[in-house]
Amino acid sequence: MHFGSSGSRQHICGGTLISDQWVLTAAHCIFTTSTPPWVLYMGRETQSGPNVNEVRSTVSQIILHPDYNNTLFNNDIALMKLSSPVTFTDYIRPVCLASNSSQFHNSTSCWATGWGRLGKDEPNQAFDSLQEVQIPVIGNNQCTCNYIPEPAANITDRMMCAGQENKGVCQGDSGGPLQCKQSSKWIQAGISSFGVPCALAGFPEVFARVSEFQEWITDNAAGATISFVTFTSSGTDPDNNFSCRVDTSSETSRAAGGVTLFTIITALQLLKWLL
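So the sequence shown is numbered by this note's numbering: it starts at 1449 and just counts up by one.
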């Protein structure tokens, strides 16, 4: 799903439909909780169009996680309620969400999707067609070690990491899903949040861990039919015994240049459209 503001046609963030009237996205995508500016597009395949299967919707309510921290990016999750229920089609269906008992072991293969730019050297604008990339989960112990050079990053149990060199998410992918397949079912594990742009070696991207928010989602989307599914990983998670490797080389101990949220516009740009 793609959304933007009524004052501009530019893509802002992604999101996922979780019921006929609720959308899940990242809290940092929500520059204003005033509902009139927001426009959501479901079933979109290209930014340039035409999109014959697309449905456009306005928003009646926005709920940010009360403990969202816009400095540390913890609890980076939000809900948007559609002004009216959407009719499901072959192109518009809700995603299953990871339940609070789900386990995603290190190296679990998942897929990230979004409209973001394809790399840090590419133009800072949405890609025309929806993109997907297969990336491995990186356990939180390993991810914490990876981000030691970045003091602004604090990897918590409400986050999960995934990615590898030259494969990951970038600006414009914020709010979009990280999904893992179990049997024939796709389960959303994460919400694209932040990282060191983009797909830089040694710095996996960071996602809000959906399974940690099952109670918050069900409490706030009261009455909605939302499918939570337990994702299981077999064996022992190798991340349990992962410890940071001491390396004093200039290449690995240098600061990486700063963590970045994966929105494609700035708050000032959006404010200009809203005024």
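Bear in mind the hints are in silico, worked out from the structure with no lab data behind them. C-beta atoms are modelled at their ideal positions from N, C-alpha and C, and glycine is treated no differently. Treat the hints with care, since some could be wrong.
As the list claims (entries may be wrong) - In silico DSSO-like links for lysine-lysine, alpha-carbon gap of 27 Å or less: (1) K1629 <-> K1615; (2) K1615 <-> K1529; (3) K1568 <-> K1633; (4) K1633 <-> K1615.
Said to hold, decoys possible - Computed spacing ranges between beta-carbons, pair by pair: (5) T1680 <-> P1599: 46 to 54 Å; (6) E1598 <-> P1533: 28 to 36 Å; (7) Q1551 <-> E1580: 22 to 30 Å; (8) N1614 <-> A1670: 19 to 27 Å; (9) P1584 <-> S1691: 18 to 26 Å; (10) E1598 <-> Y1539: 17 to 25 Å.
Hint-by-hint comparison with the structure:
no.: 1; hint: K1629 <-> K1615; verdict: 18 Å, holds
no.: 2; hint: K1615 <-> K1529; verdict: 32 Å, violated
no.: 3; hint: K1568 <-> K1633; verdict: 32 Å, violated
no.: 4; hint: K1633 <-> K1615; verdict: 23 Å, holds
no.: 5; hint: T1680 <-> P1599: 46 to 54 Å; verdict: 35 Å, violated
no.: 6; hint: E1598 <-> P1533: 28 to 36 Å; verdict: 42 Å, violated
no.: 7; hint: Q1551 <-> E1580: 22 to 30 Å; verdict: 23 Å, holds
no.: 8; hint: N1614 <-> A1670: 19 to 27 Å; verdict: 43 Å, violated
no.: 9; hint: P1584 <-> S1691: 18 to 26 Å; verdict: 19 Å, holds
no.: 10; hint: E1598 <-> Y1539: 17 to 25 Å; verdict: 39 Å, violated
Figure legend: structure checked against the earlier numbered hints; hints not met, in rising order: 2, 3, 5, 6, 8, 10.
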